Every structure is written in structure tokens, then in C-alpha cells.
Amino acid sequence: REEDKNIFDYCRENNIDHVTKAIRSKTVDVNIADEEGRALLHWACDRGHKELVSVLLQHSADVNSQDGEGQTALHYAAACEFVDIVELLLQSGADPTLRDQDGCLPEQVTDCKAIVSALQQRTAGHT
Numbered sequence: 001r002e003e004d005k006n007i008f009d010y011c012r013e014n015n016i017d018h019v020t021k022a023i024r025s026k027t028v029d030v031n032i033a034d035e036e037g038r039a040l041l042h043w044a045c046d047r048g049h050k051e052l053v054s055v056l057l058q059h060s061a062d063v064n065s066q067d068g069e070g071q072t073a074l075h076y077a078a079a080c081e082f083v084d085i086v087e088l089l090l091q092s093g094a095d096p097t098l099r100d101q102d103g104c105l106p107e108q109v110t111d112c113k114a115i116v117s118a119l120q121q122r123t124a125g126h127t
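When you line the sequence shown up against full-length UniProt numbering, it's residues 1 to 127, in that order.
None of these hints come from the bench; they were simulated from the model.
Bear in mind the structure is a predicted one, so any value in this text is a computation, not a measurement.
Don't take each hint at face value.
Said to hold, decoys possible - Straight line, CA to CA, 30 Å or less: simulated DSSO-like cross-link-like pairs of lysine-lysine:
{"hint": "1", "residue 1": "K50", "residue 2": "K26"}
{"hint": "2", "residue 1": "K26", "residue 2": "K113"}
{"hint": "3", "residue 1": "K5", "residue 2": "K50"}
Could you put together the complete structure from these sequences and hints?
Shown next, in the form of C-alpha cells:
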């Protein structure tokens, strides 16, 4: 039911208008996290909603925020093999050297060669 939805539901559904209005009106903090520590940016990356990822970043979403397991939006985008979102996050200052609680870098949670290559090019500059 529509009245039972929260901002995370709208984010998962890629309802850009609703999410944007909520953030602009300040009724929702762009960096709000759910009970698992996942921010809106994590969800948008998990679902492959590139335009929404872009909107969240434009509204100062924390590109390096970590969920309850230490995973960043970059981990989510990499694991789900969304190359274009990985690139967007990197261009927006995402840190590819942040490890999750298991000690994994974003490049270690994907089998996608293009993503591994993009992440390794960025991590080379951080070592």
C-alpha cells in the first residue's frame, strides 16, 4: 500500500521524483540509513538505478558511507556488476580501497573483468 511505503521503498522502486522531493524538502536526510546500515545510495546501486545514484550524489550523498557490514556503494555496484555505476561512483570520489568487515575490497566482490580493471586502475594510485 502506498501509505505504508518509506523512503527506501521509493528508492528501490526507482521513484526519482518522490526521492528527490523528499530530499529537497528536507523531510529526508540524503544519508539516512535503514536497520542494516544501508543508505539510499546503497539501495540505488544495488538495484542498478544509475539516474537515481546520480541524483543522490548531486544532493551530497556520502559516496563512501559503509553499511553494517562495512560495504560501500562501490561494493554494491561491483557485486551487482553495474559497470556504469562503478564508473560514476569513482568519478564522484568513491574510495576503492575501503574494505568491508570481511576484509574485501570492492574489486574482490565481483567477477566482472571491466569492473575489476576500473577499480584496480584507481587503487594503483592509492598504494
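Are K26 and K113 close enough, with their CA atoms no more than 30 Å apart? 39 Å, violated
Just to be careful, I want the Cα atoms of K50 and K26 compared with a cutoff of 30 Å; is the pair within it? 22 Å, holds
For the pair we were handed, K5 and K50, check the Cα-Cα distance against 30 Å. The given pair, whose Cα atoms are some 22 Å apart, holds under the 30 Å limit.
Comparing the model with each earlier hint shows a violation of hint 2 alone; every other hint is respected.
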